[in-house]
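In order, the protein sequence lines correspond to chains B and E. Heads up: the first sequence at position 56 corresponds to 56 in the working numbering, and the numbers run straight through without jumps. Heads up: the second sequence at position 107 corresponds to 107 in the working numbering, and the numbers run straight through without jumps.
Worth flagging that the hints you see were computed from the coordinates, not collected in a lab. Owing to the predicted nature of the structure, the values given are computational and were not obtained by experimental measurement. Beta carbons are placed, not taken as given, at the ideal position from N, Cα and C, and that holds for glycine. Hints may contain errors.
[Said to hold, decoys possible] Going by beta-carbon spacing under 8 Å, a handful of chain B positions derived as facing chain E:
(1) 20
(2) 29
(3) 99
(4) 114
(5) 119
(6) 124
(7) 175
(8) 277
[Unchecked claim] One-sided excerpt, in silico: chain E residues whose CB lies under 10 Å from chain B:
(9) 9
(10) 33
(11) 79
(12) 82
(13) 86
(14) 132
(15) 133
(16) 134
(17) 138
(18) 186
(19) 199
(20) 204
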Amino acid sequence: MFNKTKFKQILTYISFVGPAFFVFSIIVIIPFVLGMYYSFTDWNGVSGTIKWVGIDNFFQIFTNDLQVKSSFLFTIKFTLASVILTNLLGFLLALSLTQSLKTKNILRTVFFMPNLIAGLLLGFIWQFIFVKGFSSIGEITGFSVFQLPWLGDAKTAFWGIVIVSVWQGAGYIMIIYIASILNIPHEVIEAARIDGASGWNMLRYIMLPLIRPAITICLFLSIAWSFKIFDLNFSLTSGGPFKSTESLAINIYTEAFVNNRYGLGAAKAFLFFIIVATITTFQVFYTKKKEVEA
Amino acid sequence: MEQKYTKQVLLLVIVTIILGLIFLIPFYFIIINSLKSFAEILLNTAAWPKEFQWHNYVEAWKRLKYPRVFLNSLIITVFSNLAIVLFSSMAAYRLVRTPNRVSKIIFFLFISAMVIPFQSIMIPLVQVTSQIGLINSIPGIIIMYLGFGAGFSVFLYHGFIKSIPREIEEAAIVDGCSSFCVFWHIVFPLLKPITVTIIILNSLWIWNDFLLPLLVLQDQNLRTIPLATFFFFGQYTKQWDLALAALILGIIPLLIFFFFLQRHIIKGITAGSIK
Numbered sequence: 001m002f003n004k005t006k007f008k009q010i011l012t013y014i015s016f017v018g019p020a021f022f023v024f025s026i027i028v029i030i031p032f033v034l035g036m037y038y039s040f041t042d043w044n045g046v047s048g049t050i051k052w053v054g055i056d057n058f059f060q061i062f063t064n065d066l067q068v069k070s071s072f073l074f075t076i077k078f079t080l081a082s083v084i085l086t087n088l089l090g091f092l093l094a095l096s097l098t099q100s101l102k103t104k105n106i107l108r109t110v111f112f113m114p115n116l117i118a119g120l121l122l123g124f125i126w127q128f129i130f131v132k133g134f135s136s137i138g139e140i141t142g143f144s145v146f147q148l149p150w151l152g153d154a155k156t157a158f159w160g161i162v163i164v165s166v167w168q169g170a171g172y173i174m175i176i177y178i179a180s181i182l183n184i185p186h187e188v189i190e191a192a193r194i195d196g197a198s199g200w201n202m203l204r205y206i207m208l209p210l211i212r213p214a215i216t217i218c219l220f221l222s223i224a225w226s227f228k229i230f231d232l233n234f235s236l237t238s239g240g241p242f243k244s245t246e247s248l249a250i251n252i253y254t255e256a257f258v259n260n261r262y263g264l265g266a267a268k269a270f271l272f273f274i275i276v277a278t279i280t281t282f283q284v285f286y287t288k289k290k291e292v293e294a
Numbered sequence: 001m002e003q004k005y006t007k008q009v010l011l012l013v014i015v016t017i018i019l020g021l022i023f024l025i026p027f028y029f030i031i032i033n034s035l036k037s038f039a040e041i042l043l044n045t046a047a048w049p050k051e052f053q054w055h056n057y058v059e060a061w062k063r064l065k066y067p068r069v070f071l072n073s074l075i076i077t078v079f080s081n082l083a084i085v086l087f088s089s090m091a092a093y094r095l096v097r098t099p100n101r102v103s104k105i106i107f108f109l110f111i112s113a114m115v116i117p118f119q120s121i122m123i124p125l126v127q128v129t130s131q132i133g134l135i136n137s138i139p140g141i142i143i144m145y146l147g148f149g150a151g152f153s154v155f156l157y158h159g160f161i162k163s164i165p166r167e168i169e170e171a172a173i174v175d176g177c178s179s180f181c182v183f184w185h186i187v188f189p190l191l192k193p194i195t196v197t198i199i200i201l202n203s204l205w206i207w208n209d210f211l212l213p214l215l216v217l218q219d220q221n222l223r224t225i226p227l228a229t230f231f232f233f234g235q236y237t238k239q240w241d242l243a244l245a246a247l248i249l250g251i252i253p254l255l256i257f258f259f260f261l262q263r264h265i266i267k268g269i270t271a272g273s274i275k
């Protein structure tokens with residue numbers, strides 16, 4: 001009798017948890033583990049023989065691969081620029097649009113809108129803006145910034161990608177900051193005002209500490225987006241000119257699916273995982289430590 | 001004092017409106033140019049079209065096979081969402097209500113997988129899924145989205161279910177309701193707010209996803225909107241009149257979706273990220 005209820009319980013458990021966990025294992029866990037294995041082989045994706053090569057792939061990446069080094073540097077620089085600018089703009093927008101402005105709702109929609117569009121399409125849209133739109137704005141306004149060959153030069157192409165990613169991400173980040181600012185208890189602000197806090201002091205000592213959780217989330221999100229950038233980069237510059245704007249994600253994709261060096265690609269992908277996991281975990285712990293209760 | 005205050009607000013209004021216009025300029029450019037002839041685009045990009053060239057849209061519609069790709073995107077997004085909501089909520093519910101070691105391990109696996117970037121699994125993923133016949137098929141990619149979406153969705157449901165008191169369910173069990181009955185009749189309706197959040201976040205992701213469809217949907221007839229746009233651009237490079245019309249066609253469905261569900265979407269994003 002006891003066994004029968006126990007059996008029934010297990011059966012219920014399996015029928016509830018089973019489907020999701022089974023699919024999750026096949027789609028995420030097994031490929032992840034296999035990927036670790038492949039990173040120690042010379043697999044080319046086609047031939048049946050997969051030879052164990054030890055740490056050769058990693059050795060190759062660290063000593064011989066100039067492109068991966070440049071992709072890594074590009075990704076780090078891009079992440080820094082994009083995270084700072086996206087959060088700064090997102091926060092300033094949130095701060096402005098939580099004031100009692102009549103236009104605040106429509107403006108929130110406007111700033112959020114770019115976020116709805118697929119990264120791939122955004123890249124194509126901005127390809128047109130940089131190539132055709134900018135030059136015509138340049139003609140009208142006479143500003144020389146607009147007449148640069150934006151996507152044709154390594155330096156401006158870098159900033160081009162930053163501009164588009166800030167344009168895309170700021171609205172999303174803004175929404176989170178807005179929710180957090182509106183959550184600050186009204187009494188706290190009033191009390192601070194009575195104590196004579198205003199402007200900068202109010203921002204620095206009252207608001208910023210109280211929206212710390214939102215800062216954690218926004219940093220986490222924007223770091224993750226920027227570090228894993230693929231679609232937008234792929235369609236805007238496809239890594240060019242001369243691979244100067246090739247992100248790590250594109251580098252991994254190219255290694256595996258264009259050069260057909262799956263083993264090497266898997267090794268890069270594994271390192272990529274370690275970096276992403278480390279950065280995001282570290283960042284969450286670090287910022288969480290600084291959070292204050294209201 | 002009062003005077004100064006309004007001046008500041010006015011300044012803020014002006015600055016934010018200008019910024020808003022700057023945000024919108026790219027849309028202005030692609031919309032007006034999508035209605036020009038190719039020669040006119042080259043001649044004067046910023047000007048208003050002399051005559052609306054609607055046939056750009058007709059051409060792009062045909063060459064993109066728009067009804068086909070739109071339907072593909074729609075089917076994939078809707079059914080992936082159904083699968084994710086159905087299976088993640090069930091799994092999360094049982095994990096919360098059976099607090100033993102197995103549940104802990106499974107939950108830990110679900111949430112730790114959230115830090116794995118897609119690029120770190122895509123190479124073996126293609127191999128594994130092609131061996132079990134999930135590649136080049138719409139049901140196949142839906143199963144993959146279930147696998148990728150499960151971690152985050154189980155995590156959100158898990159947090160939400162923990163706050164639901166157990167007593168409600170116990171009353172139903174006494175009344176002779178089975179576990180499935182308790183879940184579907186009592187628990188699932190209570191999950192509505194978080195279900196809306198999960199559907200919105202997953203829809204934005206799945207509808208706009210590019211890399212997974214690129215890797216696993218090779219058949220032309222299975223292409224989604226981002227995928228079709230990508231190949232369209234490859235084929236008609238620099239033929240901006242058609243390309244821009246195609247881009248607009250690609251953007252429109254989500255904008256419509258947004259304007260109808262704006263409030264839910266904003267709420268969903270806030271709820272989903274605060275967790």
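**Prompt:** Hints broken by the structure, by number, lowest first?
**Reply:** Those not satisfied are hints 11, 12, 15, 17, 18 and 19.
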